[in-house]
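Number of protein chains: 2
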Amino acid sequence: MSVKVLTIKEDLLGANQEKADKNHKLLDKHHNFMINIMSSPGAGKTSLIMQTIKRLKDKIRIAVIEGDIASTIDADKISKQDIPVIQINTAGACHLDANMIENAIDKLSLEQTDLVVIENVGNLVCPAEFAVGAHKNIMLLSVPEGDDKPHKYPLMFTEADVVLVNKIDVLPYFDFDVNAFSDAVSGLNPSARIFPVSAKTGEGLEVWFSWLEDALK
Amino acid sequence: MSVKVLTIKEDLLGANQEKADKNHKLLDKHHNFMINIMSSPGAGKTSLIMQTIKRLKDKIRIAVIEGDIASTIDADKISKQDIPVIQINTAGACHLDANMIENAIDKLSLEQTDLVVIENVGNLVCPAEFAVGAHKNIMLLSVPEGDDKPHKYPLMFTEADVVLVNKIDVLPYFDFDVNAFSDAVSGLNPSARIFPVSAKTGEGLEVWFSWLEDALK
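Chains as they are written, first to last, in the numbering used here: chain A, 1 to 217; chain B, 1 to 217.
So that you can see chain A by itself, here it is in the shape it has in the complex (with noise of 0.2 angstroms):
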């Protein structure tokens, strides 16, 4: 039986992967810059995108697509913002996946936008398998997760192109050691790049908004 069910999700992989990249020409073609932020359930994505938001939103055009099982308490704090935000409930599905931003798209004006940026459902999982067509995927792992998860969770830190450790200001209070994570995630992915940050108070984000400027040039 586990060789049918593996069988059914290479073919929803497969079929998944065709249409992220289809996302990814169509965005292209419009010239939009796509990211994926992933990380667990309170890790700390809409303070990052609201950070960014914030910093960025009058040098680029900015559209957020919300991701979640249920709610809109995200996509609501967003549009305060006065920016584009599109909310995908996936009722019950744990991650977004390319037919989901596909539809999200179709509805952002790709002309009016320069940035478009992805909240994923928030799971260490299974995100990490779907291809949305983003240009890079970036993970956030706050301080309070613990500094073994790339260890357990390997898949997530082996395909984020940025790994964001969030909510350092808490660091004293907790058990985690920056230089042993970091190096766990570089024997996963040496290519990634790490950044230490606090969406809260703000420590470290100009070389994340740095990062981001750079990319989208």
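Don't take every hint at face value.
If chains are identical, the list can't say which one is meant, so a pair holds when it fits in one copy or spans any two.
[What the hints assert, rightly or not] Dumping the calculated EDC-like pairs for lysine to aspartate or glutamate here, alpha-carbon to alpha-carbon at most 16 angstroms:
#, residue 1, residue 2
1, K77, D148
2, K200, D175
3, K136, D21
4, K59, D214
5, K29, D114
6, K136, D161
7, K25, D114
8, K59, E206
Just so you know, these hints were derived from the structure itself, not from any lab. Only a predicted model underlies this, so the values are computations on that prediction, with no experimental measurement involved.
Here the structure of chain A is known, so what remains is to put chain B in place on it, guided by the hints.
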């Protein structure tokens, strides 16, 4: 295509439930009690299990089933407590299922065990969909994850018999409203027990230990 996938999923879940019921009956036959502990990555499942073993192992014969996508980090920690530990590596899958638990139970000496503790894969979504045959579902939500999670991941909170609010030792450093969180959980699941604890400092754990001892009677 989405309908096709849904059908496959329903077939899978039906077959899984049958196997879960079989596991449950086998445990009842041998007077074993099984709990299924679920949470996001890094919420404190392993720390809770370690504290529970230390406090109760002289009264209750405990065995642990460790579910991870990769690595044996948690199983290695727990095996130092000199109790039986079975490691399941899911090779990418985002949750344990009843079939994996059947194989793990088969390796335990049920006649020498009172309590089987399952540490599920760290994930606030998928594990809640797959019954494993446990007598009670236990979930942890840690303070750094935020008090809005019941709205965003409702199924997990609906399926839980006990919700442990972990890491209350860091409440001063996070915007987490325990009352708002408890109200949200009760709104989804009025019979869920909610225990604020710190698996690190031990605060609040006596209520959990008492609940568990009573449940085993």
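Worksheet item: Taking each numbered hint in turn, which are not upheld by the structure, reported in ascending numerical order?
Response: none
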